[in-house]
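Listed here are the chains, written in short residue letters.
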Amino acid sequence: MKKVSPGFKVFRVVLCVIFCVFALLPVYAAVIVALTPYANMLEAQLYPHYFEIANFAEAFQSIGRNVFNSFFYACCATLVTTCFAVPAAYVLAKYRFRGRKAVSFALMLTQMMAGIVVLPTLYKMLNTLGLLNNRVILILVYSAFNMALVTTILKGYFETLPAGLDEAAAIDGCNYLDILTRIILPISGPGIAVGAIFVFVNTYNEFVIPLFLLADAKHYPLTLKIYSMLSDTTIRWHIMAASSIIGILPPVALFTFFQKYIIEGVTSGAVKG
Amino acid sequence: MKKLQRRRLIISLLPMALLLLFVYGYSLVNVGTSAFMGFTGSSAGQFVGLKNFELIKKDIPDTVWITIVWTFGSVIPAMIMGLALAIICHRNFYGKKAVVSMNLIPYAIPLIIVASCWRFVYNPDFGVLNVFLKETGLVEKSITFLGFDKALGSVIVARIWRAMPFAFMNYYSALTTIPSELYEAAAIDGASSSQSFFHITLPNLRSVTTSTLLVLTVWTFMVFDIIFGMTGGGPINATRTLPMRIYQEMFGMKNLGTASAWSLIAIVVLVVITIIYWNLIDKEEA
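In order, the protein sequence lines correspond to chains E and X. Each residue of the first sequence is one higher than the one before, starting from 0 at the first, in numbering that gives the first Met the number 0. Each residue of the second sequence is one higher than the one before, starting from 0 at the first, in numbering that gives the first Met the number 0.
No wet-lab data here; the hints were simulated from the structure. The beta carbon of each residue, even a glycine, is placed where N, CA and C say it ideally should be. Where hints are given, some of them may not hold.
Taking lysine-lysine pairs in the DSS-like style, the calculated list, with each CA pair at most 30 Å apart, reads [said to hold, decoys possible]:
1. E/K8 to E/K259
2. E/K93 to X/K282
3. E/K259 to E/K93
4. X/K2 to E/K93
5. E/K259 to X/K282
6. E/K100 to X/K282
7. X/K149 to X/K133
8. E/K217 to X/K253
9. X/K95 to E/K8
10. X/K95 to E/K259
11. X/K253 to X/K56
12. X/K57 to X/K149
13. X/K149 to X/K56
14. E/K123 to X/K253
15. E/K123 to X/K50
16. X/K56 to E/K123
17. E/K100 to X/K2
18. X/K50 to X/K253
19. X/K96 to E/K8
20. X/K1 to E/K93
21. E/K217 to E/K123
22. E/K100 to X/K1
23. E/K259 to X/K96
24. X/K57 to E/K123
25. X/K57 to X/K253
Facing chain X, a subset of chain E residues (Cβ under 8 Å, in silico) [as the list claims (entries may be wrong)]:
26. A84
27. V90
28. M112
29. Y226
Which chain E residues stay away from chain X? Per the calculated CB distances, all over 10 Å, these [what the hints assert, rightly or not]:
30. P36
31. A38
32. A214
For reference, chain E alone in the conformation it holds in the complex (with noise of 0.2 Å):
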């Protein structure tokens, strides 16, 4: 590899800076807002005058309910994702039969399909046979918006793994469910961990869908909660910013720890941007 020559360190060091102030700068922001009493919140603060603790507390103690929801949702969502689109994923990648393209290009186009799209029809639907604000059909509609994903990503992981482990199982008497769970799944891990890490924050940090779906708001996550917020008449900033960086802490907190898998899944070219 060739030497860097210093005029390109010192460019280098000023790039990074300012794409790391640009990563940093509206969480700054929040925290800034978070820190501060609701009695000074129009002072001018370009780093934080204040240090009040506890618009933290008192931002959990409003949103608490709502991140245990969340929590709740995305760990629902991350199970039945994965268990339907295990098997699914297997037999696309490891069988040849006829209709396996047109499978594959229908879980793309349900991928490309944002919510928006689909979900004021759903909504009518939903409504017509009293389903709304039913948290097992919102954590139904969480899994098949990220089935597609998963799916892409196991199947992926699938075809890597050695060509007749299937056929040496059925031959020593396993039968398919066995084959599925006691020869590929111990050794799958890290396919179904990129597929469960992304499942579970996407549920985590989705709105759209609940936002149509529930209308009780002690069933709203904490996305939902962040808006209705937003869009109070008057804004409890403070408790706003707390709230937001309370929120950001576990996606963060997980994107950062398997650093590695998410850059992974992402170039698996089956992921949103």
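Model the placement of chain X on the given structure of chain E, informed by the hints.
Leaving out everything else, chain X in the frame of chain E:
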């Protein structure tokens, strides 16, 4: 064996297929029919032909223009920035890991919180950007970033912020797949760094550029949360992209017919881009 395989295929694919049909199948078909049905007044429940499209016709040019500006105004800068950062991070240097981690943060944050955080940046009273501009003497009075003439630009910056990490990750891993022998051979032949950049790096990034461009275009064009949380489509119509129109017709006008007409336009665009993307991937795999 054939029969066994068919049974396996069915039990493997059926649960997924049923769920997707339940969520997408009915809704998509219904968009197609609702777009040609009446939902208000005397025409409720009747076939109305192209009337819904006539109702939205006057808003189409404006909405399409705002949507195009919003989409490409954010996708192209985000991709250029992502590429720049990826090229920097391709070589090792002290602190690289921290730079990468920090620049991935925007990608993890829920879009509605992205909106709320950018409102803290832009706020005319205490927003950190206005405070900075005033304290450095660049401006005297606060800029109303979310006012009529600046709102679109301001939401676009928020979208660039969010989309950049995605482009970065794609370029970052694509760069690692370019064999280093190519650069070594070029260096032996006396090629300068800029020559190897234009003749080796860029051509090798062509396919990742196309696929990133397509995916980001689809997702930016359909982004709802950022605009909804920052401006709600306003002031007046300044940031009313196609998804905002769908929402407004659905819950503001309570007219599923015109909402579906907008959705149908969106679906046509999405399907066309999906087909392009599909052919691209198919070609790469073959």
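Each hint tested on the structure:
1. E/K8 to E/K259: Distance ~26 Å between E/K8 and E/K259 Cα, so the pair holds.
2. E/K93 to X/K282: holds, 20 Å
3. E/K259 to E/K93: At roughly 26 Å apart (the allowed maximum being 30 Å), E/K93 and E/K259 satisfy the hint.
4. X/K2 to E/K93: With Cα atoms ~16 Å apart, X/K2 and E/K93 stay inside 30 Å; holds.
5. E/K259 to X/K282: Roughly 27 Å separates the two Cα atoms, so the pair holds.
6. E/K100 to X/K282: Status holds; Cα separation ~14 Å.
7. X/K149 to X/K133: holds, 18 Å
8. E/K217 to X/K253: Within the cut-off at roughly 25 Å; holds.
9. X/K95 to E/K8: OK: X/K95 and E/K8 at ~13 Å, within 30 Å.
10. X/K95 to E/K259: holds, 14 Å
11. X/K253 to X/K56: holds, 18 Å
12. X/K57 to X/K149: Given pair X/K57, X/K149 holds - Cα atoms ~24 Å apart, limit 30 Å.
13. X/K149 to X/K56: Satisfied, since the Cα-Cα distance of roughly 26 Å is no more than 30 Å.
14. E/K123 to X/K253: Holds, at about 11 Å.
15. E/K123 to X/K50: Holds: E/K123 and X/K50 sit about 21 Å apart, inside 30 Å.
16. X/K56 to E/K123: holds, 24 Å
17. E/K100 to X/K2: holds, 21 Å
18. X/K50 to X/K253: Holds: X/K50 and X/K253 sit about 16 Å apart, inside 30 Å.
19. X/K96 to E/K8: holds, 16 Å
20. X/K1 to E/K93: holds, 14 Å
21. E/K217 to E/K123: holds, 22 Å
22. E/K100 to X/K1: holds, 19 Å
23. E/K259 to X/K96: holds, 11 Å
24. X/K57 to E/K123: Holds, at about 26 Å.
25. X/K57 to X/K253: This hinted pair holds, its Cα atoms lying about 19 Å apart.
26. A84: holds, 7 Å
27. V90: Interface hint status for E/V90: holds (4 Å vs cutoff 8 Å).
28. M112: holds, 6 Å
29. Y226: E/Y226 check passes; min Cβ-Cβ to chain X is 5 Å, inside 8 Å.
30. P36: holds, 12 Å
31. A38: Answer for E/A38: holds, closest chain X Cβ roughly 13 Å.
32. A214: Since the minimum Cβ distance to chain X is about 12 Å, E/A214 lies beyond 10 Å and the statement holds.
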